[in-house]
Structures are given as structure tokens and as C-alpha cells.
Amino acid sequence: MKVLGNRKRIAVLTTGRQDYGVLRSTVHSMHNDPELDMRLWVGGMHLKERFGKSRDLIHSEGIPIAQELDFLGEPPNPIEDSSRAMTMVGNVLVSESPDALLLVGDRSETLAAGMAATLATVPIIHLHGGEETEGAIDNAMRHALTKLSHLHLVSHPSYGKRVEQMGEDPENVVVVGAPGLDNRFRDDLPSVNELEDFLGLRLDDPVVLVTVHPTTLGLKDPVSEVMAVSDAMDKVEATYVVTLPNSDAGGAAIRDYWINWSKDRKNVSLKEVLGAGRYWSLLNYTKVMLGNSSSGMLEGPSAGANVINVGDRQFGRLRNSRIRDVGVNSAEITKLLEEAIQKDWLLEGEMRDWDFDERLVSQRIIEAIGKWNIDATLRKKFHSI
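184 is the number of the first residue of the sequence shown in our numbering; add one for each residue after it.
Warning: the hint list may mix true and false statements.
Stated by the list, open to error - Derived EDC-like pairs (lysine to aspartate or glutamate); straight-line CA-CA distance at most 20 Å:
id : residue 1 : residue 2
1  : 470       : 558
2  : 470       : 508
3  : 236       : 455
Stated by the list, open to error - Computed Cβ-Cβ distance ranges for the label pairs, DEER-style:
id : residue 1 : residue 2 : range
4  : 371       : 317       : 28 to 38 Å
5  : 251       : 499       : 28 to 38 Å
6  : 344       : 498       : 13 to 23 Å
7  : 445       : 354       : 48 to 58 Å
8  : 352       : 447       : 50 to 60 Å
9  : 352       : 383       : 49 to 59 Å
10 : 278       : 374       : 39 to 49 Å
11 : 354       : 232       : 21 to 31 Å
12 : 449       : 190       : 49 to 59 Å
By construction, these hints were calculated from the structure, which means they are not laboratory data. Heads up, the beta-carbon is just placed ideally off N, CA and C, and yes, glycines get one too.
Please work from the sequences and hints to get the whole structure.
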């Protein structure tokens, strides 16, 4: 084991806003833990002006950035970008020689980093394994990362069972919860006045937060979902905050559509990046989340918002009673949006599947890493059920 004294050197890779909000509390906890030498590697969308250059937000929080990995091309190309990511991550794995690499989720560049770590014989800690998104290619990459990983920190017992179904050692599957929910307990969130200044509009009730990402499996036209959503928005009076999509295939078409559609609409604020702080502050004033983002499965319900999940991108994820699924149909979305603004869906049924408890998940993650025998897990054995 390559350690500094008795400290474990853990590299943490973040590739954009989509995973830093999940990782933030863990990164801060690891940075402040005397038994860990946390090395933060920042790359991909974080470094691009087009995607809001969220690297600057990380820097403003006082967390040292050990490496900046500029592997995202212009325009983004998943095959070429992943190839560059694998090479760049491989190089810093050799130069920094961490004891383990912590990865979250399911993006192509994250899988590329996992491949690099496998070839460099660096154990992998994987967050949010075992989850399902049937409408996205992310699904295959998430499960592939599970098979490359050595310590599985999952968000729910059902997901842990799925990881074990893939032959992983139950001793190395730990249910820690969803670390992104730690943002609920921050005491540094922007005020409503600061939010309104940033967004450029008043947050008059009802506030609807909209995010539509490309559905990378099944749906041929990436704009069809966003057209159905925007048509419903035109019919239902509300204050709309729209966050632009990620760099997945089809994202550019959705981005261009929103930019053109939002012109001259005074009740719409269009933003590239909110940052975890503004995002969670905004959730406190949000009545409805609309779209197909994974944050609608977790963050939205935990903050008390009703969630309208459009299409099948998130099929397979656990849900609670604040979430309603709807097809890519403008009339159905409109009807559900009107209902979501008027009612509190949680009152219509008990919580199911998710129990949003009050303990910081980042502390469970630190505890699991502290107990983990890294050397004993590098050679993996398939565990049959």
C-alpha cells in the first residue's frame, strides 16, 4: 500500500456539475480528515466555459485541486473524450500513485477512468452502483464500473442487492445512502434575494425547476421531449428556472432549443450552472421539478418538491410518492403540471422506497473507507448467490 505515514491517499475524480453536487460533502469531509490524503482531480465539463466552468465554484470553496484534466473536446465526442480521459487519468494515476480512486456514477469518461485504474492496478471505490436508468446508455457504464470496482458504497439496500447479484463480495458492499442529500444541511446557502439577483427574475410562487437531458437509448429525436415539456410550460403560468443539459449526445440540440425558446419570456430564467449551493437553495422555493433528471428521483422529493418525470430515461430507479411518471405527451404533461402546482402529492400516500434520514452520508463514507482493507480486495473473486 502506498501511504503517507498511516494516511490513505484517495484520489477523487469529478467531471462536471452532475457529480460534484453528489461528491461535495464527501470531498470536504475527506479534506478535513487527518487520516486521509484526498487528491481532487477535476476535469471534463468543469473546465469548459460552455458548461459554466464550474471548476471556479470548487476553487472558491477552498478545496485544493490536485489535477485539472482537460479531456473534453469541442464539440464533445464521447468516444474521443473517453479516450483522452483514459490516457490523462492513467498518467496521473502513475504520477500520484494513490491507494484508491473514488468514482461516482455512470458517465463514459468515468468508465474510462475506471479502465485506467484497472490497468494501473489501483483499487476503485464506486458510489451509486446498482442503480438503473433504462432509458440511458449510462446504465451499461454504471454496471461495467461495478465490475471494475472493489468497494461499493450504495445508496439503498435494493441497489446493494443488485451489486451482489453481479458477483461482488457482500463484505465490500456498504449501504451508505445518497451523499448528495447532505447538501440539505448546509448553513451557507444563498438567500432568496441572492438567488433572484443571480437568476434575473423574482421567484414568485409557484416555482418550477426544469431539467431535460437527452435520452440516449430508444428516443431518436432528442428535441421531442423538450418540445413537449416547453409546450406544457407555455400553457401553465409559473416561474420557470431551466438548467441546460450535459454533454451527452443530443445535448447540443436541446441546449439550442432552450436558448431560442426562452427569448423574451420574462417568467423564464435559463442557466448553465447553478452550483450545488444555489441549486439546494432554489429547491427550498421550488414547488415542482419537471423533466428527466436523476435529481428528480432524490434531491427534489427530499426537499419537498412534487416531481414530474418525463419519458423513460429514469425508468428502473426507486421512487417515492412525490414522483409522477408521464409519457412524452404535451397534454398529459400539462394536466400533471397543473395538478402538481395545486396539490402536495406526499399527502396522498405514504413514503415508499426512500427514507431520507438525518445523518450525514459523507461520514458513513469516511467510516467505510477507514475500515476497508485495500490490499485484501484488489484480487477479486466472483461470489455466487
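Structure-based check of all given hints:
1. For a cut-off of 20 Å, the pair hint linking residue 470 to residue 558 is broken: about 48 Å separates their Cα positions.
2. For the hint linking residue 470 to residue 508, the alpha-carbon distance of about 17 Å falls within 20 Å, and the restraint holds.
3. This hinted pair checks out: residue 236 and residue 455 have alpha carbons roughly 9 Å apart, not beyond 20 Å.
4. A hinted range of 28 to 38 Å holds for the C-beta pair residue 371 and residue 317, which are about 37 Å apart.
5. Between residue 251 and residue 499, the C-beta spacing of about 34 Å keeps the proposed range 28 to 38 Å intact.
6. Take residue 344 and residue 498: their Cβ atoms lie about 19 Å apart, and the range 13 to 23 Å holds.
7. Distance hint check for residue 445 and residue 354: the Cβ-Cβ separation is about 51 Å, which falls inside the suggested range of 48 to 58 Å.
8. A hinted range of 50 to 60 Å for the beta carbons of residue 352 and residue 447 is consistent with their spacing of about 57 Å.
9. For residue 352 and residue 383, the Cβ-Cβ distance of about 51 Å falls inside the hinted range of 49 to 59 Å, so the restraint holds.
10. Range check, residue 278 to residue 374: Cβ separation about 43 Å, and the 39 to 49 Å hint holds.
11. At about 45 Å, the CB distance of residue 354 to residue 232 disagrees with the hint of 21 to 31 Å.
12. At roughly 54 Å, the beta-carbon separation of residue 449 and residue 190 lies within the given 49 to 59 Å, and the hint holds.
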